[in-house]
Amino acid sequence: MLVLRKLIFYIFLIIYLIACPLIVLYAFGFIFKPDAQEPIIKTGLIYLSTVPPGASIYLNGEPTKLKTPSSLQELDPADYAIKLSMDNYLDWSHDIAVAPNKASVFDKILLIPKKREPKILLNEKFENLIPLTGVDFFVLRKSPALKDWVIYYWKDDKQYPLLGEGLDYGNMTVSAVHTIDKSPGMLFYLNSGTGRRYLYVEPDRDKPFIKDITELFTTAPEKIAWDPSQPRQIFTFQKGYLNMIDIINEAVYPRYITDVTGFGFLDKKIYVLGNDYALTRTNLDKGSAEVLLDDKHIGEALFAGKGFFKILPVVEDIILFITEKGELITNHLPYRFTDDGVEGSSFYEKNRRLLLWEKKRVGIVDFLTEVIEGITFEKGPELLWVDVKAGNIEQAFWVYEDSHILFRDKAQAWLIEMEETGRPHLDALIKVRANSSLFYAENTGTLYYLDSASSKLYSLDIIGQKPLQEKEARDKKKEKMKDRLEQEQ
Amino acid sequence: MKFHFSRHKLRGRERILERFFEILPGLLSWSILIGMVLFSFKRPLAAAVAIIAFDLYWLLRLFYMNIFLSLSYYRLSMEKKTDWMSRARGIDRLDSYYKDLEGKEKPKKIKSWLSYLIHKTEINHLRNTKERPPLLKDIYQLAIFAVATESREIVEPGVESMLNGSFPPERIVVVIALEASAPDNVKSGIKQIEKKFSKKFKHFMVVLHPKGIHGEARVKAANTTFAARCAEAYFRKINILHENVICSCFDADTVISPDYFSCLTYHYLATPDRIHASFQPIPVFHNNIWQAPGFARVLDVGSSFFQLIEATNPEKLVTFSSHSMSFKALVDIDYWPVDMISDDSAIFWKAYIHYDGKYRVVPIYTTLSMDVTQAETWWRTVINVYKQKRRWAWGAENIPIVMRAFLRAKNIPVFKRIKLAIKLFDAHLSWTTWPFLLSIVSWLPLIFATRQYEQSIFYYSAPRIAGTIFTLASFGLIVCIILSLLLLPKRRVRHNILRRIGHAFEWLLIPPISIFLSAIPALDAQTRLMFGRYMEFWVTIKRRKD
Numbered sequence: 000m001l002v003l004r005k006l007i008f009y010i011f012l013i014i015y016l017i018a019c020p021l022i023v024l025y026a027f028g029f030i031f032k033p034d035a036q037e038p039i040i041k042t043g044l045i046y047l048s049t050v051p052p053g054a055s056i057y058l059n060g061e062p063t064k065l066k067t068p069s070s071l072q073e074l075d076p077a078d079y080a081i082k083l084s085m086d087n088y089l090d091w092s093h094d095i096a097v098a099p100n101k102a103s104v105f106d107k108i109l110l111i112p113k114k115r116e117p118k119i120l121l122n123e124k125f126e127n128l129i130p131l132t133g134v135d136f137f138v139l140r141k142s143p144a145l146k147d148w149v150i151y152y153w154k155d156d157k158q159y160p161l162l163g164e165g166l167d168y169g170n171m172t173v174s175a176v177h178t179i180d181k182s183p184g185m186l187f188y189l190n191s192g193t194g195r196r197y198l199y200v201e202p203d204r205d206k207p208f209i210k211d212i213t214e215l216f217t218t219a220p221e222k223i224a225w226d227p228s229q230p231r232q233i234f235t236f237q238k239g240y241l242n243m244i245d246i247i248n249e250a251v252y253p254r255y256i257t258d259v260t261g262f263g264f265l266d267k268k269i270y271v272l273g274n275d276y277a278l279t280r281t282n283l284d285k286g287s288a289e290v291l292l293d294d295k296h297i298g299e300a301l302f303a304g305k306g307f308f309k310i311l312p313v314v315e316d317i318i319l320f321i322t323e324k325g326e327l328i329t330n331h332l333p334y335r336f337t338d339d340g341v342e343g344s345s346f347y348e349k350n351r352r353l354l355l356w357e358k359k360r361v362g363i364v365d366f367l368t369e370v371i372e373g374i375t376f377e378k379g380p381e382l383l384w385v386d387v388k389a390g391n392i393e394q395a396f397w398v399y400e401d402s403h404i405l406f407r408d409k410a411q412a413w414l415i416e417m418e419e420t421g422r423p424h425l426d427a428l429i430k431v432r433a434n435s436s437l438f439y440a441e442n443t444g445t446l447y448y449l450d451s452a453s454s455k456l457y458s459l460d461i462i463g464q465k466p467l468q469e470k471e472a473r474d475k476k477k478e479k480m481k482d483r484l485e486q487e488q
Numbered sequence: 000m001k002f003h004f005s006r007h008k009l010r011g012r013e014r015i016l017e018r019f020f021e022i023l024p025g026l027l028s029w030s031i032l033i034g035m036v037l038f039s040f041k042r043p044l045a046a047a048v049a050i051i052a053f054d055l056y057w058l059l060r061l062f063y064m065n066i067f068l069s070l071s072y073y074r075l076s077m078e079k080k081t082d083w084m085s086r087a088r089g090i091d092r093l094d095s096y097y098k099d100l101e102g103k104e105k106p107k108k109i110k111s112w113l114s115y116l117i118h119k120t121e122i123n124h125l126r127n128t129k130e131r132p133p134l135l136k137d138i139y140q141l142a143i144f145a146v147a148t149e150s151r152e153i154v155e156p157g158v159e160s161m162l163n164g165s166f167p168p169e170r171i172v173v174v175i176a177l178e179a180s181a182p183d184n185v186k187s188g189i190k191q192i193e194k195k196f197s198k199k200f201k202h203f204m205v206v207l208h209p210k211g212i213h214g215e216a217r218v219k220a221a222n223t224t225f226a227a228r229c230a231e232a233y234f235r236k237i238n239i240l241h242e243n244v245i246c247s248c249f250d251a252d253t254v255i256s257p258d259y260f261s262c263l264t265y266h267y268l269a270t271p272d273r274i275h276a277s278f279q280p281i282p283v284f285h286n287n288i289w290q291a292p293g294f295a296r297v298l299d300v301g302s303s304f305f306q307l308i309e310a311t312n313p314e315k316l317v318t319f320s321s322h323s324m325s326f327k328a329l330v331d332i333d334y335w336p337v338d339m340i341s342d343d344s345a346i347f348w349k350a351y352i353h354y355d356g357k358y359r360v361v362p363i364y365t366t367l368s369m370d371v372t373q374a375e376t377w378w379r380t381v382i383n384v385y386k387q388k389r390r391w392a393w394g395a396e397n398i399p400i401v402m403r404a405f406l407r408a409k410n411i412p413v414f415k416r417i418k419l420a421i422k423l424f425d426a427h428l429s430w431t432t433w434p435f436l437l438s439i440v441s442w443l444p445l446i447f448a449t450r451q452y453e454q455s456i457f458y459y460s461a462p463r464i465a466g467t468i469f470t471l472a473s474f475g476l477i478v479c480i481i482l483s484l485l486l487l488p489k490r491r492v493r494h495n496i497l498r499r500i501g502h503a504f505e506w507l508l509i510p511p512i513s514i515f516l517s518a519i520p521a522l523d524a525q526t527r528l529m530f531g532r533y534m535e536f537w538v539t540i541k542r543r544k545d
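Protein sequence lines, in the order shown, are assigned to chains A and B.
Per numbering that gives the first Met the number 0, the first sequence starts with residue 0, numbered consecutively.
Per numbering that gives the first Met the number 0, the second sequence starts with residue 0, numbered consecutively.
Honestly, the hints are just simulated from the structure, not real lab data.
Each hint should be verified, as a subset may be incorrect.
Counterexamples of contact, computed for chain A against chain B with all Cβ distances above 10 Å [said to hold, decoys possible]:
| no. | residue |
| --- | --- |
| 1 | 32 |
| 2 | 39 |
| 3 | 42 |
| 4 | 120 |
| 5 | 122 |
| 6 | 134 |
| 7 | 153 |
| 8 | 195 |
| 9 | 220 |
| 10 | 331 |
| 11 | 332 |
| 12 | 376 |
| 13 | 382 |
| 14 | 410 |
| 15 | 434 |
Facing chain A, a subset of chain B residues (Cβ under 8 Å, in silico) [what the hints assert, rightly or not]:
| no. | residue |
| --- | --- |
| 16 | 48 |
| 17 | 64 |
| 18 | 66 |
| 19 | 67 |
| 20 | 69 |
| 21 | 314 |
| 22 | 453 |
| 23 | 454 |
| 24 | 456 |
| 25 | 458 |
| 26 | 460 |
| 27 | 461 |
| 28 | 464 |
All residues carry an ideal CB built from backbone N, CA and C; glycine is no exception.
Can you build the whole structure from these sequences, using the hints too?
Structure (structure tokens):
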């Protein structure tokens, strides 16, 4: 038995010493083809997943036995024509270049249904839809009169008048409305017979908060903003200083912060770019001041002579500075990303990706930290533009995490699928009423819009319920695993 | 080699070495686990490669163990019908017996033929040593049962089982090593057993082990050592040579198979240099196997499998649980360590060191049965099983003592010391780390993978390869399931087929069981040793449901 044991031990040892490196090499894409010119080939891989899953995969016109999500392995480096086909959905095709030892990843390909079924939600005509991000409602306008403004709660498909009954402001017309991302509060600029009025509204199903704060405005402000988590403290900017308006206490704090070139908010803190181009961050009550940038040379190089900066701290370590011309500067190399033209932005926090849009194109900046070996001079994230041949992009949204972008070019809504390689897939979605906005709810994957023909409120499912539920379950599982690991560490 | 086999009364360098080696197993286990987590976080790609390599190693080792598990089981089944007493009688007339074997008609059945072949080889080997073993008629068995809190219903079947074999009971000396602190009902139960069985054996002693003897810890070995000393006095009194006495140390619930003593006697006589050998049977846990919960059942069958595998490698075999040895050796080495919990393995190491490495374990292919741990409720059983496995893992307490001895044991070849040390560490480290590495750590690189990693082929092929490895490993699991079904007792039970099918499915619980009731208790034990929180002896609760 001892001899047998030793014999079997050495046989297994030899098997391991041979098999282990071969398996590892295979895992990296090296395969052994004795008949080929070069016996050891560095192969590549194509990974495909679709929403919904289960699409048949065709490679160079030939059906494979695989369905999505799946990976096509042991592919010689070359170009391949991939087609995905599924009943009731349009075929998806793409030419993919497979590189040696690399995976070409096409994750969450959104299959377009052959027939998209818009759903009518309200059988009334509206002039415009005012989207609010980060809250569970948007606003609909039937006419400029405030009494004809409606709040629509998209989670439960219910509408409520913006103002309750018996209020005097109903007949006043709205000349403008100011909203802030992730804040339920809205500031209406109203035209009354006696002049302009400022009405602050926080909609609610039962008891909206409405406050006429006209008296608190001593002059017409150049800019208005507030922290979404403290919406009843409004900051107005004029002539280089900030006034703070406390709505609850009906108090104004004039010249609350002076020598201001730009400002913004995040997590109950105010970011201020001073006239000396120093950047500070303080609590809203001006306590606990931190200097984020006090280097005059850098400050001048970046900010001098550009006018007012809208500061958007998207997360604690990424701050955007946008001028009125649309120049975008950030606190990450290469600092200046565009010289002009940026109309709007949207940040996807999970993968740290910034979506920008100009009139004719959309761009993406990937802030995810990567250490790239062999690079002596750090480049920082790059801005990648996608030429979508648009005329006037006014809105854009991340869809299905950051796999797709939905944008509105005048009265047409489009969906782009962001690909790692090759041209992006561009699909026309629907036509909307001219000069009206869209609202996209990522939680439900639903687009809300005013129909171009009828001006009625419609919804359109961009992503199915099942993929959303699976995504939610995956996210919860990942969060639990990460929490558990952090606890063990 | 004269060596103080204890962690007590150490000074200076020995004390430092002792603490160092007490810390080392736990430190290595935690380092491996935490290190792999951090490695997966910092270098997910490299960690994934390491995990693939480990998974492959584990797979091959599983197949390797399956081969020897199957061979060992085959050997066990081969010897089921062996007439050991007849073979033992043959040794009395060694040369002529060997001639008879050679001239005998070869058995036709393969099992019988193999058994005959092995037996003939053993006899020939014994002949060639020119050593003449004692005569069968001079051999005595000393059976020591350690009893602390076990009731009569637990102990009696074990005592009674010694009457069922072919080895004459009038040559068996039975010693019940009873703790003086045992409850009164236990003491009265033992008295009743003594009354019932005392006249059926050569001699029957109940030895009451007093509390508080200086130098003793509250451990089973202190009890059995006290009893063994009394037995030694008895053998001296009646002029029986220690060389002719085979000592078996049993747990209170041990029930021996009918051929245990005859098989043991044969191997004792057939083993050259028998004084320097322990004899390890295959422990099974059949006394209450169908009453215990499934997870406890699977764990203990796994322990039996482990011993079956170890039996195929006598060079590195260490004694476990109930086993036997020459009484002379036991006396020479001054009995079991009276301050150690893991007396079953410690006695081997003590003998090994005492005899300068000239000591080994001889596997004997017979079984003895014990109880599966169970309690009144399912949850209580989980706790009891956890504590029992932790106590088994406390065998790591041998490591510092053995390592200190190895550093001084110049008479043991270096290569041998290194081999045994590696085996000792490997056994305890794999116990604590493998279940975690296989079940949890192997998925971490995928979770921590950065975007850069997600672009590599490895990110997609690694899970496929791991999946293939685990699929192949399931064949190993099937072998375990089949052998566990074959190993189960043949007693008639209600819904026999259904129970067996259910038991087959219980093996699917292996991943969580191996973590919560094997790896974690072992890690618990090593961590306590690391921090010097030495364990009190915890008596495994034994109870039998009707």
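Against the structure, the hints:
no.: 1; hint: 32; result: holds (16 Å)
no.: 2; hint: 39; result: holds (15 Å)
no.: 3; hint: 42; result: violated (8 Å)
no.: 4; hint: 120; result: holds (38 Å)
no.: 5; hint: 122; result: holds (46 Å)
no.: 6; hint: 134; result: holds (31 Å)
no.: 7; hint: 153; result: holds (32 Å)
no.: 8; hint: 195; result: holds (50 Å)
no.: 9; hint: 220; result: holds (42 Å)
no.: 10; hint: 331; result: holds (16 Å)
no.: 11; hint: 332; result: holds (18 Å)
no.: 12; hint: 376; result: holds (19 Å)
no.: 13; hint: 382; result: holds (17 Å)
no.: 14; hint: 410; result: holds (36 Å)
no.: 15; hint: 434; result: holds (39 Å)
no.: 16; hint: 48; result: holds (6 Å)
no.: 17; hint: 64; result: violated (10 Å)
no.: 18; hint: 66; result: holds (6 Å)
no.: 19; hint: 67; result: holds (7 Å)
no.: 20; hint: 69; result: violated (12 Å)
no.: 21; hint: 314; result: holds (7 Å)
no.: 22; hint: 453; result: holds (7 Å)
no.: 23; hint: 454; result: holds (6 Å)
no.: 24; hint: 456; result: holds (4 Å)
no.: 25; hint: 458; result: holds (7 Å)
no.: 26; hint: 460; result: holds (5 Å)
no.: 27; hint: 461; result: holds (6 Å)
no.: 28; hint: 464; result: holds (6 Å)
Of the hints listed earlier, those the structure fails to meet are numbers 3, 17, 20, in rising order.
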